[in-house]
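Protein chains in written order, with the numbering used here: chain F, 18 to 220; chain L, 11 to 650.
Read the hints as simulated data drawn from the structure, not as lab findings. Treat the hints with caution; some may be incorrect.
With a Cα cut of at most 30 Å, we get these calculated DSBU-like pairs of lysine-lysine [claimed, not checked]:
{"#": "1", "chain 1": "L", "residue 1": "536", "chain 2": "L", "residue 2": "511"}
{"#": "2", "chain 1": "L", "residue 1": "511", "chain 2": "F", "residue 2": "28"}
{"#": "3", "chain 1": "F", "residue 1": "131", "chain 2": "L", "residue 2": "233"}
{"#": "4", "chain 1": "L", "residue 1": "536", "chain 2": "F", "residue 2": "28"}
{"#": "5", "chain 1": "F", "residue 1": "131", "chain 2": "L", "residue 2": "511"}
{"#": "6", "chain 1": "L", "residue 1": "259", "chain 2": "F", "residue 2": "28"}
{"#": "7", "chain 1": "L", "residue 1": "308", "chain 2": "L", "residue 2": "339"}
{"#": "8", "chain 1": "L", "residue 1": "338", "chain 2": "L", "residue 2": "281"}
All values derive from a computational prediction rather than experimental measurement.
Spelled out, the chains give:
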Amino acid sequence: MSMEDYDFLFKIVLIGNAGVGKTCLVRRFTQGLFPPGQGATIGVDFMIKTVEINGEKVKLQIWDTAGQERFRSITQSYYRSANALILTYDITCEESFRCLPEWLREIEQYASNKVITVLVGNKIDLAERREVSQQRAEEFSEAQDMYYLETSAKESDNVEKLFLDLACRLISEARQNTLVNNVSSPLPGEGKSISYLTCCNFN
Amino acid sequence: MADGLPTEFDVVIIGTGLPESILAAACSRSGQRVLHIDSRSYYGGNWASFTFSGLLSWLKEYQQNSDIGDKSTATWQDLIHETEEAITLHRKDETIQHTEVFCYVRQDMDDNIEEIDDLQKNPSLVTSGTLSKLLDSACLSEEMHSLYGTSHGISAKEIPKNDGEILLEVTGIEESQVKEKYYGDKTCIHTFADGDKDENKPIVEDNTDLPKRNRITYSQLVKEGRKFNIDLVSKLLYSQGLLIDLLIKSNVSRYAEFKNVTRILTFREGKVEQVPCSRADVFNNKELTMVEKRMLMKFLTFCLDYEQHPDEYQDFTQCSFSEYLKTKKLTPNLQHFVLHSIAMTESSCTTIDGLKATKNFLQCLGRFGNTPFLFPLYGQGEIPQCFCRMCAVFGGIYCLRHKVQCLVVDKESGRCKAIIDHFGQRINAKYFIVEDSYLSEETCSNVQYKQISRAVLITDQSVLKTDSDQHISILIVPPAEPGMCAVRVTELCSSTMTCMKDTHLVHLTCSSSKTAREDLESVVKKLFTPYAETEIDREELTKPRLLWALYFNMRDSSGISRSSYSGLPSNVYVCSGPDCALGNEHAVKQAETLFQEIFPGEEFCPPPPNPEDIVFDGDDKQPEAPGTNNIIMAKLESSE
Ligand SMILES: Nc1nc2c(ncn2[C@@H]2O[C@H](COP(=O)(O)OP(=O)(O)O)[C@@H](O)[C@H]2O)c(=O)[nH]1
Ligand SMILES: [Mg+2]
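Full structure from sequences and hints, please.
Rendered as structure tokens:
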């Protein structure tokens, strides 16, 4: 299919502590795989998957951290112009849940005001090792005004739902924005990437 | 914190400025195992950009200028073997000097409270903005004291009560917060909020002097400044320059967005004017006569391929460009345009260099828009980070807040083989790339540094008002006296994400002869008027008002030759900090040169595989039955 063959394009960005399963979630959704072992795919910047929602083609551009979260060194530019953020923790790892406020501070500072954030508790296939109860996570996400979901990248539980729900929300958000066309405040993504800049020659 | 950090690499890079970051991307892209570290908590070193409060804490760091580290770091001396030597690295950053802050907007009680809130994230403090309530709360004022370390008490007695709307300036707080004055390398902070009045007495505003509705306050700058990015360097990208070419070639451009610089301005006879540079601009210009337009077009057309017409300039190769322009049948007006705003050279530059610069400008003009320059959204500070992302995507490991104590040199081979970090951890590599400011005094004892004078201003209007307040402009202010430097001014509008709505961010840059304020203040005064004075001086109202200003000198390590550094092993390479030039050519050239030196024959930043090629079409693979989407929709609606 050609590159322009879609109705919507959204940039989705994954964040959260190292080891919580971000890369696995992306690969499960885009490739249908659960890669054994850890590690990013060298040289892959983002993954793309086009889904159809109510007859409309939605192209999702899904960005992974490139491992920069490991020593808390994510670049600010990673957050720029993201339409949605998937903030992930590991339900079997208390520490990954306790770090969430720190992640929220980064989001608050670097991401657009309009960004949609989803909180994801991953690895529910390891229920016997759960350290973070569903209730705690629900309370936290409610207080922070986030949508919340538990997943298993391994068993493919709720992974499709996560991305498709997000796509639906993004579509309705995008529709609202075109209705309420607020020109006043500059939005991220308002600039142009180089290839889109038009040419006009001196001569 | 850094447990699990591998200890074997091919290349260790210390510093995340632009040249180091480009090198990191290039090395990682060519398959090297890269460790990229910075002792600071942010990317970019002196190429960084900050939010307004981030900039304030950056200032505070230089103000304290403390030599940190000895207590918490493991001693490296014990870790050096007999066959080894250590080259210590620097702990204190001396690249920034003479910082001075001037605040022209009011910092009233409300502002202070909000700022405390901002710094301490303690919303319970924002209960009320009225003074009496504030003073009733002893613990609050105590908290303010401890926060600002003030020695001045605030007591209710000192503050006259007034039934009208009271706007107060409590000097006890302000003084410690803003009025710190140090000398030498330390920060010097001034405030104008209370003018010449007695500093030890709180002052009650006259009702007649009440601020207007839409005034901008300090608290707004702090609060709304959270989303905006203020650069330490002021550079633009030439649209045909090396950096743009590299960004496009390596595909790093996909991490950044750019805006065109929309106007080239000039300052002549006390007036700011727009410089016509495209054909359309020239012909639409209302200031120029028809004859002038023809002259200018003729001259610019000649410059585009001046090499083809040597007879036009051959006799003038020994002259300065400005002398040459006088012979070219250009009115003084046009000479000024060409010299300062198109060639953007110093008056003393040679004819050939002037023609070259003019040609470069004209060539860049056509590529993306009406001027030859681009500005990255969110500031220049994004660019090093974009290259770092590329490095990480190819497996590079990133560690901010990671200090290095020393380089370990093998005595026999004379080569550096490892670094020892602040945990006492040894990290081995084959090549080491170090940014200049990390090197010790001993290593740099023979190095002579230049300085850059910088000013960062927040203003309330553009220096040249038009229908739109969303312009990005560059303005060269020629030197007032011969022998002095021209001052480069860039003015950014809010849509560049560098300043809040209804303000502009203005950068001034020149190479230093004195402190930044001494070098730049006269130009600031020509272009702007302090915020507070506007009530008094009606005439000055036409100028934009100055809300806040910062001056500092930044060390320029760009011209240093490798041989000036003493005792560095041959596999240790040095990158320099930002230079004074408008473009980024120096950084790109340096990165490419060092890369070729380390890995001869390797391709420098080739394009990565396109992620678009790894497309997984969902159409045939959706496990859920058709129609599920409606269910999802319904669920979403009910959950909202
Ligand atoms: N049991 C289980 N393991 C998972 C799941 N998702 C990821 N993992 C494992 O967790 C580890 C870290 O996953 P990864 O995707 O690399 O985490 P990232 O650092 O957040 O990208 C790997 O060993 C994965 O195999 C899951 O849903 N269930
Ligand atoms: Mg990962």
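Check: Is the Cα-Cα distance between residue 259 of chain L and residue 28 of chain F 30 Å or less?
Finding: 23 Å, holds
Notebook entry, point to check: Within 30 Å, alpha carbon to alpha carbon, are residue 338 of chain L and residue 281 of chain L?
Noted result: 25 Å, holds
Check: When you check the alpha-carbon spacing of residue 131 of chain F and residue 233 of chain L, does it fall within 30 Å?
Finding: 18 Å, holds
Check: Is the straight-line distance between the alpha-carbon of residue 131 of chain F and that of residue 511 of chain L 30 Å or less?
Finding: With Cα atoms ~17 Å apart, residue 131 of chain F and residue 511 of chain L stay inside 30 Å; holds.
Notebook entry, point to check: Can the restraint linking residue 536 of chain L and residue 511 of chain L be considered satisfied, given a maximum Cα separation of 30 Å?
Noted result: 24 Å, holds
Next item on the list: Take a quick look at whether residue 536 of chain L and residue 28 of chain F sit within 30 Å of each other, Cα to Cα.
Entry: Distance of about 45 Å is beyond 30 Å: violated.
Note to self: Would the hint linking residue 308 of chain L and residue 339 of chain L be met if the CA-CA limit is 30 Å?
What the structure shows: Cα-Cα ~10 Å, so holds.
Next item on the list: Take a quick look at whether residue 511 of chain L and residue 28 of chain F sit within 30 Å of each other, Cα to Cα.
Entry: 26 Å, holds
Hint 4 alone, counting from the list given before, is not met by this structure.
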